[in-house]
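Chemist: Residue-level listing of the chains:
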Amino acid sequence: MRRRLLAIVRKEFTHIFRDWRTLLIIILMPILMIVLYGYAITLDMRNIAFGVIDDARTPESRALVEAFTENGFFKPLGREVNRQEIEQLFMRRDALMVIVIPREFSRELQPGKRARVQLLIDASDSNVGTFVSNYAEQVLQLYNRRLNGSIPLLYDIAPRIFYNPDMNSTYFFVPGLVALILMLISALLTSIAITREKETGTLEQILVSPVHSREIILGKVFPYILLGLMNAAIILISARLLFNVPMRGSLLLLGMLSLVYVFVALSFGLMISTVAKTQLVAMFMTLMATILPTIMLSGFIFPVSSMPEPLQYLARILPATYFLIIIRGIMLKGVGLAELWPDSLILTGLGFFLVVIAIRRFRMRLE
Amino acid sequence: MDALISVEHFSKSYGSQKAVQDLSFEIRGGELFGLIGPDGAGKTTTMRTLVTLLRPDSGTMHVQGFDVSKDIRNIRSITGYMPQRFSLYPDLSVDQNLRFFADLFAVPKKELAARLERLYHFSRLQPFANRLAGRLSGGMKQKLALSCTLIHNPVLLVLDEPTTGVDPVSRNEFWNILRELRAQGVTIIVSTPYMDEALFCDRIVIMHEGRALAQGTPAALIEQMQLPMYALRDSDVVMRFAVIEQTPGVVSVQTFGDTLHITAEIGTDEASLTRSIAAALGHDVVLEPIAPSLEDVFISLIEKETRHAT
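The listed protein sequences correspond, in order, to chains A and B.
For the first sequence, my numbering begins at 52 and goes up steadily by one.
For the second sequence, my numbering begins at 3 and goes up steadily by one.
Isolated chain A, as found in the complex (with noise of 0.2 Å):
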């Protein structure tokens, strides 16, 4: 038994050694996919175009306007704009926000009055429309605290953010990300691992020995599970070199975990490789096994608990629910095995899960 698996393991890591076109494909993805997805995937708006008409003109309105530009969340489109235009500036997504200063503006901010601006939102995009609308109060309110300091209000709402002071949404994503990418190429480089052999007629070669099917199985996991950790590391590395992303809890933990984590994607492309016939088919099924679900499920953007039920169930078998449990939960609070240990738990259970299923699966024989 001991012989075999290790006869097995060390050709595969013969195959992965020699063919380094593949290797260096498996080391620069990660690498390019978080950078690809890193960038793209924000929900913090900035540089929100807007417009202005000022009918005022007085030093009041142009602070007013400056309020808006100094923190980089909105920028002025740079010229006058007049009250015709407005819905086609909509129109051509020139601005999203228009304000409208009137002319007694200044008159109007002395005590006892009020003083009326309007604000003007692009809400084709329900999200952006909040967004935008948010951020703009938060302006005016700034503006209004720096006019009235003195004034007491009834009561003050302090709130203090935990874990991301400044509610930057990268290090909400980055640890997702680094769970999607690690269950991609992990599931990816396993499915075709079996598959290949069908198709290159190996496997009708190896199948005519005694050996067993948990040799080949578990002798393609084992070298893989190093690679998958290397993968793991240089998600990691480049999460943090990239985006800041926080690393409060222990990393030697987080390594722990990530190598179950890779372990159990690696059963899970073991699994597609034993059904699929040829390797274009286990890598679609792979692709479609592993991005939607872990996309749209497993809390990678939207929270688990806000889904219908059945789709949470759904979300309870996918791996990735409980790693992005674990990792943002090391990475952003600094948890620990304390807090984090059903999940983790879990975890190590799906990966027997798969694997053993895996070796059931994988038939002795040609048909």
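One or more of the hints may lead you astray.
Okay, the calculated bits of chain B under chain A, using three or more residues with CB under 8 Å as the criterion [claimed, not checked]:
| hint | stretch |
| --- | --- |
| 1 | 50 to 57 |
| 2 | 64 to 78 |
| 3 | 89 to 99 |
| 4 | 105 to 112 |
Keep in mind the hints are simulated off the structure, nothing from the lab.
Please read all numbers here as calculations on a predicted model, not as lab measurements.
Every residue gets a Cβ at the ideal spot worked out from N, C-alpha and C, and that includes glycine.
Let chain A serve as the given structure and place chain B on it in line with the hints.
Modeler: Structure of chain B alone, referenced to chain A:
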């Protein structure tokens, strides 16, 4: 001596397509046995079932008393199988491939060196030990594949068309190796579409479209058929073989360069056949009796079979 392999009423279909129907044969230990037939005859299906890669639909197969549908691992550890397609790892070296299969078959480590030396000796692959298998020539690939199937000293060697697509010199060398192995007591089953190679076998079964047409030693098969065959050496009539084919008493006509080989019906005498052909062609001919080859036997068997079918 008891049969090492016994195949009884073996049938196998893929969906509605019948690959092998009611095939039976026995092979004694130490025999060099040939499965002879063109593509689609069912040779590969029979061999794959014999090495437990496929399950028989009906009928039984036993190797050294082990049932191919039950005792998979027992059969696999005493058998060496070489698929039709080159199935070693092209990105592993000759030496790595050999050692990999030695590990799979749990060849005792103490014996490994001696076995490798012996295999390198007969295959003459020693100078190429570090070459990647994918970079070997066709003949060398076949010898490496054979070496890998021999690494565990199998009792039975199953070779699926080992010489198809191999140059004539390497083919000859390959058959010499097989004869040497038989001399050492290894039982060998080999399949081939080439009739000239069938002559190298101790016994053969001739297969066509999933059925066994005949079996026995090549010499006995030729003799049994008692085919009256004649050569007609006349370059002028070669183009008119269709006319001769229509002549009563003629079963089939084959062209070999400027010679026609005419197979007559059993019981037809030479004189009357000469007269009929001369009448059909409109001039005198000289027929020369010849001994049929295995190929002639095969062709006449197929013709008999198709006539039965229609």
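Chemist: Are the hints correct? Go through all of them and say.
Modeler: So, going through the hints one by one against the coordinates:
1. 50 to 57: holds (count 6)
2. 64 to 78: Since 3 is at least three, the answer is holds.
3. 89 to 99: holds (count 7)
4. 105 to 112: holds (count 4)
In terms of the numbered hints stated before, the structure departs from none.
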